[in-house]
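**Q** Sequence:
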Amino acid sequence: MASHRHSGPSSYKVGTMAEKFNCHYCRDALQGKKYVQKDGHHCCLKCFDKFCANTCVECRKPIGADAKEVHYKNRYWHDTCFRCAKCLRSLANETFVAKDNKILCNKCTTREDSPKCKGCFKPIVAGDQNVEYKGTVWHKECFTCSNCKQVIGTGSFFPKGEDFYCVTCHETKFAKHCVKCNKAITSGGITYQDQPWHAECFVCVTCSKKLAGQRFTAVEDQYYCVDCYKNFVAKKCAGCKNPITGFGKGSSVVAYEGQSWHDYCFHCKKCSMNLANKRFVFHQEQVYCPDCAKKL
Numbered sequence: 001m002a003s004h005r006h007s008g009p010s011s012y013k014v015g016t017m018a019e020k021f022n023c024h025y026c027r028d029a030l031q032g033k034k035y036v037q038k039d040g041h042h043c044c045l046k047c048f049d050k051f052c053a054n055t056c057v058e059c060r061k062p063i064g065a066d067a068k069e070v071h072y073k074n075r076y077w078h079d080t081c082f083r084c085a086k087c088l089r090s091l092a093n094e095t096f097v098a099k100d101n102k103i104l105c106n107k108c109t110t111r112e113d114s115p116k117c118k119g120c121f122k123p124i125v126a127g128d129q130n131v132e133y134k135g136t137v138w139h140k141e142c143f144t145c146s147n148c149k150q151v152i153g154t155g156s157f158f159p160k161g162e163d164f165y166c167v168t169c170h171e172t173k174f175a176k177h178c179v180k181c182n183k184a185i186t187s188g189g190i191t192y193q194d195q196p197w198h199a200e201c202f203v204c205v206t207c208s209k210k211l212a213g214q215r216f217t218a219v220e221d222q223y224y225c226v227d228c229y230k231n232f233v234a235k236k237c238a239g240c241k242n243p244i245t246g247f248g249k250g251s252s253v254v255a256y257e258g259q260s261w262h263d264y265c266f267h268c269k270k271c272s273m274n275l276a277n278k279r280f281v282f283h284q285e286q287v288y289c290p291d292c293a294k295k296l
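Just so we're aligned, residue 1 is where the sequence shown starts under UniProt numbering, counting upward by one.
The reader is advised that the hints may include incorrect statements.
[To be verified] Taking lysine-lysine and the DSS-like style, the derived pairs with C-alpha atoms no more than 30 Å apart in a straight line are:
1) Lys73 to Lys33
2) Lys294 to Lys278
3) Lys183 to Lys209
4) Lys73 to Lys38
5) Lys107 to Lys68
These are computed hints drawn from the structure, not numbers from a lab.
Model the full assembly from the supplied sequences, consistent with the hints where possible.
**A** Written out as structure tokens, the structure reads:
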């Protein structure tokens with residue numbers, strides 16, 4: 001709590017003796033000399049310093065009768081010794097704060113009570129720009145990237161344990177990188193066969209349609225939407241001439257002599273018996289059951 005100083009000799013007076021008095025302590029004559037009157041006794045200046053003077057808390061020397069004295073709560077100082085314990089500024093004519101048995105000026109008291117910067121460990125006082133995160137505070141210029149040491153200040157950052165990273169360093173050290181463009185995936189993204197992609201990079205190789213959340217087919221590390229796979233990649237059924245996509249009905253395929261059929265299209269040319277998983281005869285690019293083949 002701030003308090004004004006209390007100074008000046010209040011329990012004694014100093015003057016020049018005009019009468020015939022002797023020093024109360026050494027009995028020397030005081031007439032014509034400076035003396036001090038204290039507690040009803042007259043004494044010379046030397047005896048006052050020896051027997052009556054208060055001792056300065058700071059320098060531990062007597063506070064002479066001619067010296068200016070400062071006192072606070074039964075403690076005494078020379079006015080020149082009454083200084084701030086931190087900055088040593090003279091407080092003889094200033095307000096001060098007594099804290100933990102120390103005398104401080106108002107400015108240093110503010111600094112003592114201020115939070116300490118996690119970076120430089122110095123106080124953060126009113127007017128300082130600062131950054132606060134989870135109860136810890138930094139000067140703005142002390143909040144730096146743990147990797148590149150550049151000031152993050154009030155910019156975006158990523159915490160990692162006790163460290164903090166700017167966006168660029170976090171992307172370099174920790175972010176996954178898209179298989180296609182090799183740029184960092186900072187949010188969202190998809191994973192296919194344990195490989196990361198930007199959603200906008202995982203597209204059909206033919207029409208560039210986004211494939212995230214859609215049905216698609218992979219062929220030799222190329223990705224196709226259903227329509228492009230049917231139109232440009234899928235083999236055509238030798239029976240119905242439609243694409244064999246592997247989706248839905250007809251997902252089972254019969255292949256023979258370089259040709260392919262939907263399983264439901266693989267039937268005898270004459271009697272239409274389905275021959276999938278059965279014996280058949282292949283004659284002049286046509287499929288026959290064994291009985292029909294004998295009649296050819």
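**Q** Under the criterion that the straight-line Cα-Cα distance not exceed 30 Å, is the pair Lys107, Lys68 satisfied?
**A** holds (25 Å)
**Q** Is the hinted pair Lys183 and Lys209 satisfied, with a Cα-Cα distance of at most 30 Å?
**A** Cα-Cα ~20 Å, so holds.
**Q** Does Lys33 sit within 30 Å of Lys73, going by the straight-line distance between their CA atoms?
**A** Status violated; Cα separation ~33 Å.
**Q** Is the hinted pair Lys73 and Lys38 satisfied, with a Cα-Cα distance of at most 30 Å?
**A** Since the Cα atoms of Lys73 and Lys38 sit roughly 20 Å apart, the hinted pair holds (cutoff 30 Å).
**Q** Within a Cα-Cα threshold of 30 Å, do Lys294 and Lys278 meet the stated pairing?
**A** holds (16 Å)
Checked against the numbered hints given earlier, this structure breaks only hint 1.
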